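Based on the sequences and whatever the hints tell you, model everything.
Sequences listed follow chains L and Y, in order.
In short: position in the first sequence from 1, add 1188, done, that's the working numbering.
In short: position in the second sequence from 1, add 6, done, that's the working numbering.
Don't read these hints as lab results, they were simulated from the structure.
Predicted model only: the values in this text are computed from it and were never measured.
Just to be clear, a hint being listed does not mean it is correct.
[Unchecked claim] Far from chain Y by the CB rule (all over 10 Å, computed), these chain L residues: (1) TYR1200; (2) GLU1242; (3) PRO1257; (4) ASP1266.
[As the list claims (entries may be wrong)] Not the full set, but computed from the structure, chain Y residues with beta-carbon under 8 Å of chain L: (5) ILE116; (6) ASP123; (7) ARG130; (8) GLU405; (9) VAL478.
Each residue gets a CB set at the ideal place from its N, CA and C atoms; glycine is no exception.
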Amino acid sequence: MAEHKEFELRLYIAGETQRSKTALENLKRYCEENVKDRYSIEIIDLLANPQLAEGDQILAVPTLVRRVPVPIRKIIGDLSNEERVLVGLDLRERS
Amino acid sequence: MVKVHKEQVLVSLEKAPTGINGLDEITEGGFPKGRPTLIAGNAGCGKTLLAMEFLIKGITECNEPGVFISFEESAKDLVLNVASLGYDLDDFVAKGKLRIDQVIVERSEIEEAGEYDLEGLFIRLGYAIDSIGAKRIVLDTLESLFSGFTNQAILRAELRRLFQWLKDKGMTAIITGERGDTSLTRQGLEEYVSDCVILLDHRIEDQISTRRLRVVKYRGSTHGTNEYPFLIDEDGITVMPVTSLNLNHPVSKERISSGIEQLDVMLGGGFYKGSSILVSGSSGTGKTNVSGYLADATCKTGAKCLYVAFEESPQQITRNLQSIGINLNPYIKQDLLQFRAVRAASQGLEMHLASLYKVIQKFKPEVVVIDPITTLASSSNVRDAQNMLSRMMDMLKAENITAMMTSLTQGHENLEQTENSVSSFADTWLLLRDFEVNGERNRLMYVLKSRGTHHSNQVREFIISDNGINLVDVYLGPEGMLTGSARVAAEARYKSAELVRKNQMGTAERKLEHKRLLILAQIESLKAELAVQDTETENSNANEEERGAHDSIDKAAFKVSRGGKQSG
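Shown next as structure tokens:
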């Protein structure tokens, strides 16, 4: 995923838990529906790379970080609340 | 107190020494090892510093690496803050003894969308701990999390899990928390941390700030329960552990000289080592001079003396003492004498106590002079001052330090009554007083009390001259007690009368001698007379015999001469 996309997303998880699976599935679905072909998703497993938690100041997992476009946004949770995710990613106006 | 419980503590609970002056005494060994301790307090009361010092001392004194998780300050700020205490955190970090992580909780950029947990935080902590093999950890302050997450139920469950996790990892942890209005901490952290809770307080009374520390609870351990004053200065935190009136200090029979020979005599050999001496008197009676003598005498023997001056600068004191022939400057250079000059009003009583404690711990003097203690009382209410003084005396006695306190008495009040608050602490009480008579003012000194010594009941005139202090017997005569020039005059009168008397006596003696000589002469002459008499008597007897003989011759001759025939 070296090429630059309009939406560069990072999903931090801690192991292959049900919650992280749910989060990833939800995220992919929203992206396909809203920003198809304009996004990239990088998955970081903190159990494998604990040192990476510091960089994006990750406390909660799962955490979705929108790195591009700026400003950086963070959405935590299993992303089951579609409305909030889309608002958080600035894909929908806050109602 | 500490010693009595030591064995018991070792059995029941292992402790991690804090290394903070005084705090280990209060907690009887430190914080619970392998468990979390909560430090609660208002903003600016020293939580972060205490926590950081706990880590630093862990590294320097216990060889326990530590992690500092800061939710508020940046690592850079922390390093700068502690640099003022003389600690180089960067150096610890470089050596792999310390790790500082800043956790930023930015509410504005976090959106919550569904179920989550704080595994990310656990992973960060775990990573930080494992990277340096930390034994100690500080979370400062965990409450910031509450502003970052809206789902309180998740947060509280995760906090509970966090503390259990820290315990499982065997981490000695410090959690700091802001003081709440009704509870110890705003977010009720105390319900998670039940092992040890320390409360810090920073109060302002009469515009003077006092920091206090209290151990609210300490499960499985005895601990001091009072509020203990503490101090933050260039050496970090110092807690003053002594608050209880513990009348169980070692006593000494050793005596130390007051520096004034005659006073030592009055006291039957000087002050007891480790006793407390009160020197009271109105202004200008020479209290500081007496103190100066003690300091001088102490340093002369090579012992250390701490001079706490509340009214004069060290320069002024040494200059003034030079005028009576005492030069303290060499002792200052040799580090035998240390001055500590502060205004009494500059800080609260507790702070004075704590800072004095610290200086004493560091300097280890054998004699402490506090000149004067009365300013302490005037800067706050009498009860507090009395309380503080009694604790100070306990502290000094526990260290077997001889303490001389000067006390300024006002004008012509009853000197012995106004100082009730102070005098009970004093083992020896020297009273200096003015004596105004015949248009001049003279100084008197007497030993009002001196526990455990035979002391003189005599009032002495206290003379301060270029040559120093001199205690002179007052003149007691038919005119009453005389001092100063009256004494000198009386003494002169006495002397001249003595002289006259001596002269008179001399004359009488001479007369008697003369008479004796006369008599002796008479005896001699009588003896001579007698001798003459005896001789005469002898002579006359001899003459008589001779005459008898002559007589018969003469008679014969007479017959012959008559021309008659010789009869016969």
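Cross-check of the supplied hints:
| no. | hint | result |
| --- | --- | --- |
| 1 | TYR1200 | violated (6 Å) |
| 2 | GLU1242 | violated (6 Å) |
| 3 | PRO1257 | holds (14 Å) |
| 4 | ASP1266 | violated (4 Å) |
| 5 | ILE116 | holds (5 Å) |
| 6 | ASP123 | holds (6 Å) |
| 7 | ARG130 | holds (4 Å) |
| 8 | GLU405 | violated (48 Å) |
| 9 | VAL478 | violated (80 Å) |
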